[in-house]
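Chemist: Model the full assembly from the supplied sequences, consistent with the hints where possible.
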Amino acid sequence: MIPVRPSAVRVPLWWSCVSHDPSEGVAPDETLRLETGADILRDKRVVIVEDEAITQLQLRKICLAAGMQVVGLAADGEQGVHKVLETAPDLVLLDINLPLLDGLSAAERILKEISPCVVMLTAYDGEEYRRRAQELGTCGYIVKPVTSSTLLPKLQAAYQRFQRGAQ
Amino acid sequence: MEGARNPFAGNEQALLAAIVNSSEDAIVSKDLHGIVTSWNRSAEHIYGWRAEEIIGKSKALVIPPDLPDELPTILARIRAGERIRHYETRRVRKDGTIIDVAISVSPVQNLEGVITGAATIVRDITESKRIERELQQRQAEVETMNQRLTRAMQETHHRVKNNLQIVGAIIDMQTLEHAASRSVPLEELKRLGNHIHTLAVVHDFLTKQIGQHEHEQVLSSTAVLEQLLGLLKETSGSRDIRADIEEVDLFSKQAVTLSLLLNELVSNSIKHGTGDVEVNFRVLGALVQLCVCDDGAGFPAGFDPVAQAHTGLELVMGLTRTDLRGEIYFENRKEGGACVRVLFPLPNRDAIAGTGASVKETSA
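Residue numbers (my numbering), protein chains in the order written: chain A, 117 to 283; chain B, 50 to 413.
I should point out that these hints are in silico values taken from the structure, not numbers from a laboratory. Any given hint could turn out to be false.
In silico lysine to aspartate or glutamate, DMTMM-like type, Cα no more than 20 Å apart, as pairs [what the hints assert, rightly or not]:
1. B:Lys257 / B:Glu296
2. B:Lys210 / A:Glu243
3. B:Lys383 / B:Asp325
4. B:Lys210 / A:Asp241
5. B:Lys143 / B:Glu102
6. A:Lys270 / A:Asp159
Computed footprint of chain B on chain A, listed as stretches where at least three residues anywhere in the stretch have a Cβ under 8 Å from a Cβ of chain B [stated by the list, open to error]:
7. 166-179
8. 253-265
Ideal placement from N, C-alpha and C gives every residue a C-beta, glycine not left out.
Modeler: Structure follows, in C-alpha cells:
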C-alpha cells in the first residue's frame with residue numbers, strides 16, 4: 117500500500133451526478149452560439165442521461181457553452197427518470213442503451229408525467245428505434261457520434277419543432 | 050427380339066417369384082395375426098433373419114420394443130382394407146441393431162376377395178438417414194458459426210463506433226476549452242494521440258478474443274495494462290514507469306475506462322512530477338485499487354480538484370465515477386510526491402462466468 121497523508125482530497129460523490137451551475141467550468145461561448153445559431157437554446161434547463169463518462173462530460177460542456185443550464189446528470193435510465201421528474205427541465209438528452217432502464221422506456225415514463233422536449237441521442241440508427249421514439253412523442257432523434265457543431269443545430273431544430281407543437 | 054426367349058413363358062407364378070427374389074427391397078407377407086408367411090432374399094439381408102428362421106413366427110420380432118403399438122395398428126388398418134402408403138419408421142435386426150426403414154403395406158386378398166394378410170415392401174434407409182442427420186448437424190453448425198460471426202461483427206461495429214465517439218468527444222472538449230484562443234496546444238494533441246493508442250491496444254485484445262465468450266467479453270488486467278505501460282514507456286523519455294499489476298478479469302468496458310485513466314494519470318505524472326512513476330494495481334477485498342504516484346512536488350495545499358477542473362481532470366473524475374462507479378482520491382505521499390488513487394468495485398465473477406447479471410458492454 118502506498119502511504120499517503122491523512123489530508124487526502126476525496127472527490128465528493130455529488131461531483132459528477134448532480135446539477136451544475138451554468139457558470140461553472142465552461143462559460144457560454146459566444147462564438148459557438150453565433151456559429152450555430154443556438155440562441156433558442158439559451159438559458160434552457162437541460163437534463164443529460166448518458167452512461168458513458170466521456171460523452172456525458174462532452175454533452176455537458178456543449179450545453180454549457182451554448183448557454184444552457186445543466187440541471188441534472190444521470191448515468192442510468194432509472195436515475196434519469198428521477199432527475200427529470202425532480203427538476204422538470206425544458207430539454208432532456210437521453211441515450212437509448214442505458215443500464216437499469218433503457219432510454220425509450222425512460223422517455224415513455226417521463227412523457228406520461230410531464231412534457232419536456234425529449235431528444236434521443238444514441239448510436240442506434242435503426243428505423244425501428246426512430247419510429248418507436250416518434251410514437252412516444254419525443255421531439256428529436258440524433259445519432260452519435262456528435263460534436264458541438266453537429267449537435268447544437270439539431271438540438272435547436274428539435275426544440276423549434278417542440279415549441280411549434282406546443283403552440 | 051429374334052432369338053430372345055422368355056424362360057418363364059407360361060409360368061407366371063415363377064416369374065413373380067423371380068421378381069420378388071431379385072428385388073433390392075425387402076418384400077414380406079404376413080397373415081392377419083402378424084405371422085410371417087413369406088420372406089425374400091433382401092429381407093434376409095436387411096433384417097439378418099433367414100426365411101426359414103422367421104416364417105411362421107410373429108413379425109413383432111423385427112419391431113423395436115419402444116414401438117409396441119405399431120404392428121397391431123398396421124394389422125387393424127389392413128383388416129379394414131386400408132393400404133398404408135410409404136412411411137418411415139425403425140426396425141430391429143436379428144443382431145439387435147436398429148435400422149431406419151421406409152415401408153408400404155398393402156392388403157392381400159384370396160380368390161374370393163377376402164383379405165387374408167398383408168404384403169410389406171421395406172427399404173433400408175439407414176444410410177440416407179445418417180447422411181440427412183449429418184447434413185442437419187452441419188447446417189446447425191454453419192448456422193451457429195454464422196450467428197457468432199454476426200454477433201462478432203455487431204460487437205466490433207459497436208465498439209469501433211464507440212471508440213470514434215470517445216475520440217470525437219475528447220477533440221470536441223478540447224475545441225470548446227480552447228475556443229477563445231482558437232488553437233489547441235500541441236501537448237493536448239499528443240495526449241489525444243496517446244488516448245487513440247490506448248483505445249487501439251484494448252481493441253486489439255478484444256478483437257483477438259471476440260466470439261470466444263457467449264456473454265460479456267473479459268480481458269486480463271495484466272495483459273492490457275502492461276501492454277499499455279509498454280507504450281507509455283516509449284514516450285516517457287528518461288522517466289521510468291515502475292508497475293506492479295495484479296491479475297483481475299475485467300469487463301471490456303472497464304478495460305477501456307481503466308486504460309484511458311491510466312494513460313491520463315501517467316501522462317499527468319510525467320508532465321507535473323519528477324522521478325519515476327509508480328503504478329500499482331491490486332485487489333483489496335471487494336475493491337480494486339489503481340494508484341499512480343510520482344516523486345514531484347505533490348498537490349498544493351488546499352488543492353480542490355473540482356474547482357480546478359479542466360478537461361483532463363474532469364475526464365479522470367468522470368471515468369472513475371460514471372464508468373467505474375468508483376471513488377477517486379488526490380493525495381500527497383509522506384515521502385513526497387503526488388498520488389492519485391482510484392478505487393472501484395471488483396468485477397462480478399458470476400457475471401464473468403456468464404451465470405450472473407450482465408454488465409452493459411458499451412454505450413449507444
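Chemist: All hints are to be evaluated individually against the structure, with a verdict given for each.
Modeler: Each hint, compared with the structure:
This hinted pair checks out: B:Lys257 and B:Glu296 have alpha carbons roughly 19 Å apart, not beyond 20 Å. Simply put, B:Lys210 and A:Glu243 have alpha-carbon atoms about 18 Å apart, close enough for the 20 Å limit, and the pair holds. In summary, the hint linking B:Lys383 to B:Asp325 is supported, as the alpha carbons are separated by about 16 Å, within the 20 Å threshold. Of the pairs offered as hints, the one joining B:Lys210 and A:Asp241 holds, with about 12 Å between alpha carbons and a cut-off of 20 Å not exceeded.
Restraint check for B:Lys143 and B:Glu102: satisfied, since their Cα atoms lie roughly 10 Å apart, inside the 20 Å limit. The straight-line distance between the Cα atoms of A:Lys270 and A:Asp159 is roughly 17 Å, inside the 20 Å bound, and the hint therefore holds. Against chain B, the region 166-179 of chain A contributes 11 residues with a C-beta closer than 8 Å to a partner C-beta. That satisfies the three-residue criterion, and the hint holds. With 5 residues having a beta carbon nearer than 8 Å to a beta carbon of chain B, the region 253-265 of chain A meets the requirement of three or more and the stated coverage holds.
Going down the numbered hints, you'll see the structure goes against none, and every one checks out.
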